[in-house]
Amino acid sequence: MDAYVFLKVLWWLLLGVLLMGLAIMVGMDMGVGALMRFVGKTDGERREALNIVGPHWDGNQVWFILGGGAIFAAFPSLYATSFSVFYIVMILLLFSMIMRPVAFEYRSKVPTEKWRNTWDWVFLISGALPMIIYGAAIGNILEGVGFHFGWDGQYYQTESFIWYLLNPFAILCGVLALTMAIYQGSAMLMIRGVDPIYSRAKKIGSVAGVLSAILFVVGGIWISAKTGYVLHDADPSMPANISAAQNVTREAGAWLNNYHSAPILWIVPLIGILAMLAGSFAMRAQKAGLAWWLGAISWISILGTVGISMFPFLMPSSDNPAQSITVWNGTGSQYNLIWMTIFTAIFVPTILAYTTWCFNVMRGKVKAPAASDDHAY
Amino acid sequence: MDMLINPTVVELSRLQFALTALYHFLFVPLTLGLTFILATMETVYVVTGKQIYKEMTQFWGKLFAINFALGVATGLTMEFEFGTNWSMYSHFVGDIFGTPLAIEGLMAFFMESTFVGVMFFGWDRMSPKAHLVVTYLVALGSNLSALWILIANGFMQDPRGGTFDPNTMRMQFTSFVGLIFNPDAQAKFVHTSIAGFVTGSMFVMAVSAYYLLTKKRRDIALRSFRLAAIFGVISTVGVITLGDALGYIDAHAQPTKLAAMEAIWETNPHTVSASWNLIAFPSRTEQKNVFEIGIPYVLTPLLTHSEDTVIPGIKNLEQDAKPHIENGIKAMIALKAYNADHNDTAALATFKQYEKDMGYGFLAKEFAPDQDLAKVNASNLPSVLDKTAKATIPNVWVEFWAFRLMVAAGFFMLVLFAFAAYYSLKNEIEKHPLFLKIALWSVPLPWIACEFGWITAENGRQPWTVYGWLPTFVSASSHSVSYMIFSLIGFVLLYSTFIAAELYLMFKYARLGPQESHHHGEEPAAGGGMAGKPAFAKSSMNRS
Numbered sequence: 000m001d002a003y004v005f006l007k008v009l010w011w012l013l014l015g016v017l018l019m020g021l022a023i024m025v026g027m028d029m030g031v032g033a034l035m036r037f038v039g040k041t042d043g044e045r046r047e048a049l050n051i052v053g054p055h056w057d058g059n060q061v062w063f064i065l066g067g068g069a070i071f072a073a074f075p076s077l078y079a080t081s082f083s084v085f086y087i088v089m090i091l092l093l094f095s096m097i098m099r100p101v102a103f104e105y106r107s108k109v110p111t112e113k114w115r116n117t118w119d120w121v122f123l124i125s126g127a128l129p130m131i132i133y134g135a136a137i138g139n140i141l142e143g144v145g146f147h148f149g150w151d152g153q154y155y156q157t158e159s160f161i162w163y164l165l166n167p168f169a170i171l172c173g174v175l176a177l178t179m180a181i182y183q184g185s186a187m188l189m190i191r192g193v194d195p196i197y198s199r200a201k202k203i204g205s206v207a208g209v210l211s212a213i214l215f216v217v218g219g220i221w222i223s224a225k226t227g228y229v230l231h232d233a234d235p236s237m238p239a240n241i242s243a244a245q246n247v248t249r250e251a252g253a254w255l256n257n258y259h260s261a262p263i264l265w266i267v268p269l270i271g272i273l274a275m276l277a278g279s280f281a282m283r284a285q286k287a288g289l290a291w292w293l294g295a296i297s298w299i300s301i302l303g304t305v306g307i308s309m310f311p312f313l314m315p316s317s318d319n320p321a322q323s324i325t326v327w328n329g330t331g332s333q334y335n336l337i338w339m340t341i342f343t344a345i346f347v348p349t350i351l352a353y354t355t356w357c358f359n360v361m362r363g364k365v366k367a368p369a370a371s372d373d374h375a376y
Numbered sequence: 000m001d002m003l004i005n006p007t008v009v010e011l012s013r014l015q016f017a018l019t020a021l022y023h024f025l026f027v028p029l030t031l032g033l034t035f036i037l038a039t040m041e042t043v044y045v046v047t048g049k050q051i052y053k054e055m056t057q058f059w060g061k062l063f064a065i066n067f068a069l070g071v072a073t074g075l076t077m078e079f080e081f082g083t084n085w086s087m088y089s090h091f092v093g094d095i096f097g098t099p100l101a102i103e104g105l106m107a108f109f110m111e112s113t114f115v116g117v118m119f120f121g122w123d124r125m126s127p128k129a130h131l132v133v134t135y136l137v138a139l140g141s142n143l144s145a146l147w148i149l150i151a152n153g154f155m156q157d158p159r160g161g162t163f164d165p166n167t168m169r170m171q172f173t174s175f176v177g178l179i180f181n182p183d184a185q186a187k188f189v190h191t192s193i194a195g196f197v198t199g200s201m202f203v204m205a206v207s208a209y210y211l212l213t214k215k216r217r218d219i220a221l222r223s224f225r226l227a228a229i230f231g232v233i234s235t236v237g238v239i240t241l242g243d244a245l246g247y248i249d250a251h252a253q254p255t256k257l258a259a260m261e262a263i264w265e266t267n268p269h270t271v272s273a274s275w276n277l278i279a280f281p282s283r284t285e286q287k288n289v290f291e292i293g294i295p296y297v298l299t300p301l302l303t304h305s306e307d308t309v310i311p312g313i314k315n316l317e318q319d320a321k322p323h324i325e326n327g328i329k330a331m332i333a334l335k336a337y338n339a340d341h342n343d344t345a346a347l348a349t350f351k352q353y354e355k356d357m358g359y360g361f362l363a364k365e366f367a368p369d370q371d372l373a374k375v376n377a378s379n380l381p382s383v384l385d386k387t388a389k390a391t392i393p394n395v396w397v398e399f400w401a402f403r404l405m406v407a408a409g410f411f412m413l414v415l416f417a418f419a420a421y422y423s424l425k426n427e428i429e430k431h432p433l434f435l436k437i438a439l440w441s442v443p444l445p446w447i448a449c450e451f452g453w454i455t456a457e458n459g460r461q462p463w464t465v466y467g468w469l470p471t472f473v474s475a476s477s478h479s480v481s482y483m484i485f486s487l488i489g490f491v492l493l494y495s496t497f498i499a500a501e502l503y504l505m506f507k508y509a510r511l512g513p514q515e516s517h518h519h520g521e522e523p524a525a526g527g528g529m530a531g532k533p534a535f536a537k538s539s540m541n542r543s
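Which chain is which? The protein sequence lines are S and U, in order.
Numbered according to numbering that gives the first Met the number 0, the first sequence spans residues 0 to 376.
Numbered according to numbering that gives the first Met the number 0, the second sequence spans residues 0 to 543.
Since the hints were made in silico from the structure, they are not lab data.
Being a predicted model, the structure only gives us computed values, none of them experimental.
A hint or two may mislead.
[Claimed, not checked] 30 angstroms max Cα-Cα, derived DSSO-like pairs, lysine-lysine:
hint: 1; chain 1: U; residue 1: K425; chain 2: S; residue 2: K113
hint: 2; chain 1: U; residue 1: K314; chain 2: U; residue 2: K329
hint: 3; chain 1: S; residue 1: K40; chain 2: U; residue 2: K507
hint: 4; chain 1: U; residue 1: K436; chain 2: U; residue 2: K425
hint: 5; chain 1: U; residue 1: K430; chain 2: U; residue 2: K507
hint: 6; chain 1: U; residue 1: K425; chain 2: U; residue 2: K53
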């Protein structure tokens, strides 16, 4: 295998790792935000819930920003196209993502009920909406997206955003992402929270785990009947030119082709289903830490399942399948990928090291902060 | 297929980007500067063990937090907008431009954001020395973040480190060293991060002046005032020096920006006596300044650091552009032919010959008959060249005045900081209430300077997103006007709410001032903390 192809596949894997890290860590914070009004009845309880993710939400959100930057650099055409095609949805996602940090910083700085209650609604919306959009976007990509390119690389789009938000399969994927976030958020609330938050989170989280498993299975059955995309005569070492035509056909059930050709891969979705169900039991058995890790495994398997189904597609075009964005035509240049790999190899371990240190420093059960506490949300 | 994007959508996309960038840039400079001021205060605390410096760090840290949140939140918008609104740009240069953005996330932003939580919450969980290291890492992270962002921006101003590849139809990364050692990026990074120090100094000095005027926590106010004044003198000198260096670099890399900045329409061959315009009213239609006041003998040495370098005027730059435009048209026609048939080696050879001017071909598209370069012929060529050449010049009026406002604010602050440092070191600052009032009311100045600095840099880059390679109107995404109106209204509503909330909190906490240390813990409602209503305080106190 030549070096460029190796780098393309490597970055496809790293893209997956990033999306997984994002889903697990940011999803957890968003789950807590969405749940705050339900696990916390009094202001003190809600502050307790917030401070459980308080020291880390910012670092976690950086995964999201890092993800954006990495896609921009390693998959420039994917970044350019996906953000524009889903314009309205992306803008709504962005609004949610920028409301959240402000809500964290400002909510507890003014003691009136009206002020805090308003920000609590912001937490609910900015936690739930991005997760629905995250899931729905993946659902839409599985269905194929309406875009094509001119000879000079200019992109054109054909479908409306209403469809992207409201088509049934996308809604299913969106709800799955939300239930997974709620599950992961509940696990964190149990790890660091005390009663009554602990028991409320336990109740909600264990239901969310089972629901996720059901939605995942339904999605899997649904996708087997849907039209997928097949790339013929692939040339993995091709120059990354999105406007050049590839030989792509649309076939019913094609998203299962990779599983048919390597049945061992079925183990990936299977692990996910088991992890979601086991996680639900772990919560009921009050094994919060175990439940958190099972949730992380579930996310890895869900996104792994999607990635395997679509490989080598990144974003199929329903408009002009020949111009679908794939791992072979959608990456940066070889030179760029080399530099990106060097920086990732140096800094991701560094990040993991200091993030672990910070988690250790701030670990322990969180209680509702005293009203005069200057160093809490 | 070759249709241009609706000009209204391009203008709305530019407006949205400018508004969101200027808004983001309200928070960035203070973050950049205040982190180092906090680190300095904490260093004094760790070295001397004096409790008051810990109090100072924590108090200014609280104001820092209010500002930091919006900086992070609005920074996200910038990263989104390249994709959502500048699709062609992102596709065309993402291979080069995306990389510094990704490295910024990996190396800087992650560090800053992870440690900032520990900086706020970890005071009691580690030794003072360890906490000091954390504070320095936040300061280092935010400034490294600025470095990588400005390396990316430097590529837009003076594209180095990559070139166009006809086989991928985009610019590709070829030299990491070329990208990061871009002189524009280097000078602009130092200029911008020091501008942040100026902003931080001004902020701390003005708020401290308020406490001195209202006799609040004299101990903290005096110390903070002195630190800020000294920081301010040093950094204002630095920012002016680097600004001068940046102008010098622009003279080579972006002559159109420089000519517009100084409103020079005609090339003056008498380099020694050429005058520098202090005030000018430039008119685009008449191609001259309808009114100007100049200072002779200043222009050439100021801009070129020499006595005999000729500074080309706008009219000459337009003439100079014409051969590039003609070559650019040839390059684009050949590129299209090569794209249709990759075996057409003749087309490829023609393209390679004129490759460096392809951006001017893009630019000419707007003025070609039916926006089709293939329809440019001998009879309509002169008119296409004329119009395209005029389009290579940025808006002179905006450029000239934005630059002057920035410079005026900078020099005013230098004088202010110098007096402040002098009075403060002589221990007589409290004898000058009028000066303290001036210092307080000067607080918007660094923001004015920063915002107009951004306008100078980015308006002066027009009509290009990537200077000489990709025009702005080609870079945008082809959305509908209604999409743009939706997002613009959303941004205006959201951002107005945010700024109202931030100013409310900033004023509230700045007015409250630092807590009286002797009463700490006993009387929380009187201090600057998150004082709650008694009823609420009681219920949550019981829980803990």
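Consistency of the hints with the structure:
no.	hint	verdict
1	U:K425 <-> S:K113	violated (49 angstroms)
2	U:K314 <-> U:K329	holds (24 angstroms)
3	S:K40 <-> U:K507	holds (28 angstroms)
4	U:K436 <-> U:K425	holds (19 angstroms)
5	U:K430 <-> U:K507	holds (27 angstroms)
6	U:K425 <-> U:K53	holds (25 angstroms)
Taken one by one, the earlier hints fail for this structure only at number 1.
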